[in-house]
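There are 2 protein chains.
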Amino acid sequence: MKLDTERLRDDIETNATFGEVATEEGRGRTVLTGSEADKRVREYFVTRLEDADLEVRYDAVGNIVGRWNPPGCDPDLAPIAFGSHLDSVPRGGIFDGPLGTYGALEGVRTMQETDVTLDRPIEVVSFTEEEGARFGVGTLGSSVASGELSTREALKLEDADGITLQERLDEIGFRGEGTIDVGKWDAWMELHIEQGTRLTDAGAAVGIVESITGITNCEVTVTGTADHAGATPMFERSDALAAGSEFVLTLERIAEEVATTHEAAVGTVGEGSIEPNVRNIIPERVRYQLDIRDVDQETMDTIVERCRSSLERIEHHRNVTTSLSRYRNTSPIAMSERCLSAAAAATEPNTESIRLYSAAMHDTANVGGVTDAGLLFAPSEDGVSHSPREWTDWEDCAIASGVLAGAVQSLASEAS
Amino acid sequence: MKLDTERLRDDIETNATFGEVATEEGRGRTVLTGSEADKRVREYFVTRLEDADLEVRYDAVGNIVGRWNPPGCDPDLAPIAFGSHLDSVPRGGIFDGPLGTYGALEGVRTMQETDVTLDRPIEVVSFTEEEGARFGVGTLGSSVASGELSTREALKLEDADGITLQERLDEIGFRGEGTIDVGKWDAWMELHIEQGTRLTDAGAAVGIVESITGITNCEVTVTGTADHAGATPMFERSDALAAGSEFVLTLERIAEEVATTHEAAVGTVGEGSIEPNVRNIIPERVRYQLDIRDVDQETMDTIVERCRSSLERIEHHRNVTTSLSRYRNTSPIAMSERCLSAAAAATEPNTESIRLYSAAMHDTANVGGVTDAGLLFAPSEDGVSHSPREWTDWEDCAIASGVLAGAVQSLASEAS
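So the sequence lines, in the order shown, correspond to chains Z and X.
Numbering of the first sequence is given in my numbering, commencing with residue 1 and proceeding in unit increments.
Numbering of the second sequence is given in my numbering, commencing with residue 1 and proceeding in unit increments.
If you are wondering where the hints come from, they were derived from the structure by calculation, not from laboratory data.
Hints are supplied without guarantee of correctness; some may be wrong.
[Unchecked claim] These stretches of chain X come out as covered by chain Z in the derived footprint (C-beta under 8 Å, 3 or more residues):
hint : stretch
1    : 73-87
2    : 257-270
[Unchecked claim] Calculated from the model, a selection of chain Z residues having no Cβ within reach of chain X, i.e. all distances over 12 Å:
hint : residue
3    : A52
4    : P75
5    : D119
6    : Q195
7    : T223
8    : H228
9    : E236
10   : S245
11   : T250
12   : T268
13   : V278
14   : E284
15   : V370
16   : D372
The beta carbon of each residue, even a glycine, is placed where N, CA and C say it ideally should be.
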């Protein structure tokens with residue numbers, strides 16, 4: 001479907017003025033849930049939904065939905081929904097989230113202008129707190145909407161100032177009632193920037209995501225003995241940092257080996273701490289947070305098992321104790337065949353597309369657990385995201401949004 | 001020299017009641033410079049010096065000196081000084097510092113009781129802030145007294161609450177005037193607990209320290225590229241923590257190799273940080289604080305050079321940048337032959353002694369830079385210090401203090 005590039009650009013650029021961060025390297029924004037910037041972002045979004053005659057509602061955690069009953073539709077049928085999120089990380093980019101949200105709205109406006117008749121209602125959606133940047137829980141709004149997290153628990157979450165999500169939403173006037181139940185959607189589609197370089201490497205304008213990788217998080221601790229860094233001879237030490245460093249390199253090697261046959265497999269230690277962390281004391285304990293992903297649950301399990309074995313080896317030859325606690329596992333999720341086919345069919349013959357996996361979490365992973373879901377990617381320059389340097393050409397925004405809208409239009413015509 | 005074990009024990013135990021930390025594993029104390037506990041520690045010390053008819057003075061940074069002019073001495077001759085410190089780390093032990101301070105005082109009392117006549121005056125000393133636990137600069141008092149640090153700079157140092165040393169000393173009434181000039185001492189001796197197990201391993205009651213190891217501190221940074229932990233394939237990463245971990249293991253290997261021929265050589269990474277330190281972001285930068293020691297300056301230089309070479313290798317094969325900044329070098333210092341001989345001569349034939357090096361810093365390292373200095377060790381059980389578990393048998397306290405006092409007495413009789 002051919003969309004209006006300028007109209008889409010106007011919306012994304014206007015949205016980018018809220019919480020704007022102007023830097024030399026690019027234009028960014030900081031839109032934390034419940035902030036003044038978030039209030040203006042939401043008010044503008046509601047205005048634009050209403051400008052297109054959509055009926056707006058929002059639920060108890062501030063998820064916003066604009067409903068369109070197209071000519072010819074049965075308003076009692078389960079709708080096709082599409083959208084994304086409008087919050088950002090601190091000093092984030094202007095496309096991550098807004099592209100999929102305003103891309104969906106632009107799709108509806110284009111359908112309205114073409115006098116299309118459809119079987120099903122259509123909903124344009126923006127989920128609350130996808131980034132988890134203020135309340136620490138990513139894809140929060142879709143977790144509630146898909147039943148993963150209760151509204152009550154979500155509203156009690158506190159930000160760094162000890163203010164709850166409920167209070168923040170009340171402050172900006174966006175705490176509604178009830179829950180948007182995504183399980184009642186016939187299907188869902190999301191467009192997002194890739195946050196990687198597979199599309200630009202392939203010269204493709206659209207990525208059709210086949211699966212979203214699962215994520216396993218583990219906490220590893222290595223405990224040695226705190227001793228005086230001067231008075232303890234090298235051969236009498238039980239140095240937790242040296243032992244921990246051996247583990248960091250072992251996880252890297254394991255993940256590299258697995259990745260030679262499973263390209264999506266990754267293992268990362270992004271976060272760590274040392275105790276007591278004093279220059280002249282041999283470290284007693286290190287604590288690492290692991291992030292392990294793949295499109296295949298079994299591969300993730302294998303990596304965790306190999307980590308356990310390597311820790312046992314390290315215990316033996318270094319006289320330390322270790323622990324590995326696997327505190328989170330989100331299984332990989334496959335996108336629905338229906339949505340994949342609709343996206344493929346909606347891709348113009350002269351538009352290059354590739355099939356790929358998503359290594360980042362998205363609201364679609366939650367929605368996909370309860371109804372048919374699809375995810376599309378638009379190219380991001382140099383793969384940069386979460387930064388003012390994030391960039392997607394306006395033409396690419398429109399092309400990918402056109403595939404999204406085309407897929408949704410065809411899904412909404414399929415009522416059997 | 002045979003001292004009164006009970007009188008020494010009484011002083012150390014009374015001193016241990018100030019800032020007392022009673023735990024299941026032992027009796028500790030927290031005596032931070034300028035605290036209420038420190039005030040009581042100092043007041044008791046002054047009382048005990050005065051009880052022994054010593055003339056007490058304290059300087060601008062609170063170093064306390066008790067002067068005794070023994071029968072027969074020329075009060076204009078340069079004195080022999082001995083002592084240690086009375087401050088502690090938080091939850092420190094009751095012997096670290098007080099043993100050497102009250103051991104010296106008990107030595108004076110014993111000399112007084114034996115009607116000895118000596119050529120030189122004798123001074124009993126307690127230096128301020130040896131631990132650096134409140135103002136961040138270890139051996140502070142002796143650094144000022146030996147001219148390493150100016151009184152003005154020292155008094156301006158701030159604690160964690162932003163209160164200066166000057167204010168803290170004023171609060172407890174122990175900011176005197178002028179500076180105790182250790183360069184005017186004929187010689188200095190200190191007794192300290194070993195903080196290691198070489199004495200207990202050898203079954204020795206006294207350690208005669210031949211040299212104090214030097215210390216080099218370096219800051220190493222490794223900079224890679226922050227990237228999404230899910231979306232960045234294993235083979236496209238520039239992971240600062242993985243590269244840094246390789247460095248930690250390399251330093252360990254270098255120090256182990258050097259230590260096979262230089263037993264005092266050690267290299268430690270005790271402190272480190274990760275940026276941005278977020279679970280799902282590949283680390284952009286790690287920063288490590290290195291602590292490298294040996295009794296030989298050249299060995300320390302070699303270890304630093306080998307660290308530089310290893311960082312170059314890591315830069316090449318890991319696509320990171322690195323830096324190494326050597327921001328502190330305290331050269332190893334040899335104890336004076338005069339003091340070593342006096343200590344050896346003062347060791348009773350039935351007292352087992354060994355010669356060794358000190359791997360920990362002591363006030364004696366500063367004093368030894370400007371006058372003849374000697375350092376003795378008493379055994380510490382399991383080598384534990386800076387903990388309520390720190391322990392030295394009272395009999396061992398008295399034996400080592402006796403060697404100290406005997407050495408000082410013979411040094412004070414040598415005026416030529």
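Outcome of the hint check:
| no. | hint | verdict |
| --- | --- | --- |
| 1 | 73-87 | violated (count 0) |
| 2 | 257-270 | holds (count 8) |
| 3 | A52 | holds (33 Å) |
| 4 | P75 | holds (39 Å) |
| 5 | D119 | holds (36 Å) |
| 6 | Q195 | violated (5 Å) |
| 7 | T223 | holds (15 Å) |
| 8 | H228 | violated (6 Å) |
| 9 | E236 | violated (8 Å) |
| 10 | S245 | violated (4 Å) |
| 11 | T250 | violated (10 Å) |
| 12 | T268 | violated (4 Å) |
| 13 | V278 | violated (6 Å) |
| 14 | E284 | violated (10 Å) |
| 15 | V370 | holds (22 Å) |
| 16 | D372 | holds (23 Å) |
In terms of the numbered hints stated before, the structure departs from hints 1, 6, 8, 9, 10, 11, 12, 13, 14, listed from lowest to highest.
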